Every structure is written in structure tokens, then in C-alpha cells.
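Go ahead and model the full structure; you've got the sequences and the hints to work with.
So the sequence lines, in the order shown, correspond to chains A and B.
Residue 1 is where the first sequence starts when you use the numbering used here, and the numbers rise one by one after that.
Residue 1 is where the second sequence starts when you use the numbering used here, and the numbers rise one by one after that.
One thing to keep in mind: the hints can contain errors.
One side only, chain A facing chain B, incomplete, derived with CB under 7 Å [claimed, not checked]:
1) 187
2) 198
3) 208
4) 228
Don't read these hints as lab results, they were simulated from the structure.
For clarity, every value in this text was computed on a predicted model and none was experimentally measured.
Just so it is clear, CB atoms sit at the ideal spot from N, CA and C, and this is done for glycine as well.
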Amino acid sequence: MQKQAIFQSKLLPYALVAPQLAIVLIFFYWPALQAMIQSFLLQDAFGLSTTFVWFENYIDLFKDPAYFEAILRTFFFSFAIAVSSLSFALLLAVMADKPLRGSMLYRTLLIWPYAVAPPVVGVLWIFMLHPSLGVLSRYLRALGVDWNPLLDGNQAATLIILAAAWKQISYNFLFFLAGLQSIPRSVIEAAAIDGARPMRRFWTVIFPLLSPTIFFLLVVNIVYAFFDTFGIIDTMTRGGPGKSTETLVYKVYTDGLLGGNLGSSAAQSVILMIMVIVLTGIQFRFVERKVTY
Amino acid sequence: MANVTLRNVRKTYPGGFEAIKGVDVDVGDGQFCVLVGPSGCGKSTLLRMVAGLETVTGGEIDIGGRIVNGIEPADRDIAMVFQNYALYPHMSVYNNMAYGLRNRGMAEAEIRTRVDEAARILELTSMLERKPRQLSGGQRQRVAMGRAIVRQPKVFLFDEPLSNLDAKLRIAMRVEIRKLQRRLTTTSIYVTHDQLEAMTLADILVVMNGGQVEQVGNPLAIYEKPATTFVASFIGAPPMNLMSTRPEEIRSQLAGSAAADAGILGIRPEDFVITDQTPDGGVALPLTVEAIERVGAETFVYGSREQEEQRVAATPGELPPGEIIVRIPGTDAPAIGTRIRVAAVRAKLHLFSADGRTRLEA
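Take a look at the structure:
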């Protein structure tokens, strides 16, 4: 049953939503519209003249192999970040779900990393893994690993994935813990009586019952890896070495702000916008359904 | 097939709370044992200890001649039916029943035979492919039963399995459970707070209160000879009338018998008759009729005694002191406000010590 409020004046409801609408329009729709317009324009190198070029910016993008590399790289990063942070968070949540002494403290501590801003995360990991400053780098070299993420693209990528996944673990942990606690104890007990050992119980009962949570988090993590890793990349590698850690979002920044190619940058933003819309659509379509198993 | 023996079983929680204070029960092979008691009496905890879901902090639990204290629930060869059914929501009815068999590595063909047989008995054959959420409460309950019976365990454990069903279905399922248990002759332990369910299902009834066993025995024997005032008022509805024997009115009527010094007199509502005579050795009480309840086949007469006091409430909040319930057949009852005299014969008197803990023979 939906409650229908009755207003005396026809203007009052509009007046009440106006502040919210103004914020959305000024800070979300207007920039988005600007980006769209910009993506159809081509500016000369000095910014003196602007030409309307229809879809030329987009066509150029799709002809550019570097752009496809960035797409593939971003997909790989998202996948690696989502899988590693999800699986580690799930492991921690399963451990924290047990009735332990001091479990509240343990849980609270696990949530803290989420409060750390992405650039700070980047700095923290640099302190640990910088080839000349890093604490861990010394041990890695002592173990015979030629650790130098400033030169080795794969190592740089690993570093970004580690830092980005680490930050997201707390968030995933919270949802997994809530998901685990919403599974009725008696169902687990029934499985125990039915002869399922802890591992089998986990994979045949707990994991399937968590699947709605897992799916929800998967989408959230992919969106996070796509967009919110900018701060981490910027502080740690600036997209380098070479272009080995340049994701789509970082490329928007380098092409537009550093490279001065505003038209192409805007076109890339629009493509990213479409990707978010699709991901959010998937999330709404599947996750918002009440029963998923 | 197995018998279940509990020897001085205790449960103390880490905080020091003693949930089970030394319980001894012996359930014979194929018997249906019902644990009954008010909420918080420890009956569910005791059942969960037998299942292996709660640790045992003292005493021994013996299933089929094997001490199972340290054995995992999976290895105790028991099956349990939970109050909320605890079905696996993501599995079909078939898979819910097959799960326990698959975990034990049974061949798929044998699983199919057993599940089909259980489904036939429980009338679930047409629902094998459905998910639990597509079933009604009664059907879910039957799936939970099916999951227990396909395993062919030594012991069935039931934890208030009917309390989530509506009254009519509860009675139907109660009969079903009894028939099924008779047919399979599997030793069963059943927990309930409903004394009617307990009376109708049990071969052996265990009445519990405050973590202790008040009385163990055949349900009718317990009804006829309750060992304590707690059992007297808990078993039977409406409960037994309990009154102090201190007032002269009652003491004089009991004179000349060993019971004269007893502390509490109990008389069941149906053992009273409205009469002007005093049966030899029996007890008669004058009452003022305060309320009448006609339920068709019988009528309950609520009367107050002359002296206001005396009724010793075994469990608090049951009847105001001095009130007596009389159960008479038919609908022919005295009018409200009239004064009547009710009497019970000697053989129907129950006498207890003043603290209500000991039954005295009349």
C-alpha cells in the first residue's frame, strides 16, 4: 500500500523537491551534458577554434589500438580486484562469524580500512613496496625477487590490484558478515546432522545462500575497480610504467587534462557513462529481486 | 533401532547458568519419548545435546550402547526435525531429502528409491521438483519429516515440530507423526510445551521444570498420580485444583487418615460432582458459582470458596486463590451466583507435602 500525501497547493511539492533536483541537475546532469556536447567537438591545439565533428572522436577512439588495450586492461583489473577482494573478504567473514571471544573488536578492526581515502591507500602501499623506500621490497629482494614496480609493468599492475583490493575488503566483509548472519542457524545445524562436513556445508549450503550477496558485491566491486581506483593509480604509478596501469578512467584524465585532447577525453567519458548505466541496470534487474535462489 | 539413555546429564553455560541439572532418562528401543515443560525448562537444550548441537558438560548420553558425548552430530546416526523446518531454501524438495544420503556417498539409484518411497508415504510425490518457498507450512513440515526418514536413522529427534502450524493442521500432523512412528518403529524423542500433544504422542512422558525432571512415566500414570504439584497443574487442562489442607474445613474432612498432615490437597476438575452428600472419606466443599463456560460436550463451573486464601499455586498466575474449577458433562449448569456443594471421593484425592515436591498416599 502506498501512502499518498495530499498537498493544498500544487506548487508546494515541487518547492520541496527543488533543492534536491537543483543539486542533481547542476552537479550531475549538466556536467554529463557538457561531456556529451564536448565529445562531438574538435578543438585545435591552441584552443582557438572548435569544430563540430559528429562522431569523429568516437570513430578515432575505436580505431586506436591503445584504447582497446586500455579496455582489456581495465577488464582484467576489475576482474582481478573483484575476485581477490571478494574471496579474501568472504574468508575473513566466515572466520569472524564464529562465536569468538572479542569478535566485536575483531569485526570493528576489519572495517577500518574502508575509512581510508584511496590516495592514502596508495601512499601506504608505496611505503611498503616502493623499490628503494619500501619495507617489504627489501625482504622480497632478499628472497631473490627482482622487485621493481617502477620499471616492471606486471609488478606495477600487481601492486595496484593489491592496494585496490585491500581497500575494498572491509566493505565486502561487512556485507558478507551480514549475509552469513542472516542464514538461519538451524539450516546449518540440519546440514551438520545430514552429515555434511564444514567444507561441504560451506559449498553446498552457505555459499549458495550467499549468492545474492555475492552477485551484488560483484557488481559493486566492478564499478569500484572501474572508477574509484583513480586515486590509487594516480598516487602509486600515474598509469605507468609505460601504459601498463592506465585504466579507462585514468586515460580520460591523461588524454584530456595532460594530453589536451578534450574531445577524445569527453568521448571516453561518455562511453564510461554508458558502461555504468549498463552495470547499474544489471544490478537493478537481478539484485533488487527479493528472491534470487 | 536403538535405545537412548541419559545418565546424570548436565549443562552449565560458561557464564555459570545451569540449564540442565542432572537428568536421567531411559528411552527403550522403538519408544516414543516426549519431553514436556514450560518455556525455559531446558527441554530443547536437552534434545540438542542428544543431537550433538550443544556440548554436554556432565554425565553421559548413550545411543544404542555407544557413549556419544564427544561424537559429531553427523556420526550419531540421528535425524532431527526443527521447529522452523530448516529446509535448504535453494534446493528442490527432492534434493532436500537426498542431501543427507549424498553426503554419505550413497548410490544415486538407491537415493532415488528411498526418496520416492518417503515422498509416497508423505504424499509429496507431485512436489518433488518444487522449492521450499513454493510449499505451504504443512507441506514444508512433511518435507522436513521426509528428510529425516530417508536416512533411516537410529533415532528421530523432534524439536517442537508442530508449533508453527495452525491448530487444525497441528492435530492432523500429530496423528500422522504417531502413525508414522508406529510404522517405522524408530526410537523418537519429541520436545513440546503443549501438554495435549505430549499426552497423545508419548509412550514415555518426561515432565521437566527448571532444568530438572519432575516425573517420568506413562502419560496416563502421570495424569493419575502426579508426583509433584508442578506436574499436577501442568498436565491436564484445565489444571488440577490445589488447596492448602490447613483450614479447619478441609483438615476435619481428612481426619483419621495419614493424609491429615499433608500440606496440599489436589482434586482434578472432572473428579468433582455437584451433590449434597459427602462421600465416605471424601471431601466436600461449598462454593459460590462465579462463572460458567459451556463448550458443548462439557461445562466448566468456576466457583469461589468461603475462605479467601488457601489455594497454593504451583505455577504462578494460574488461578486466583480460593477459586475452584469443576468440570461437569453436558450443558446443564447451576446459575451464576448460586451456592452449590461439590464433592470428590477418596480415591480421587491427591495429597502433597507442603512444599509440593512429594506425593503422599491417601
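**Asked** Which of the listed hints are not met by the structure?
**Response** Going through the list in order, the structure violates hints 2 and 4 and respects the others.
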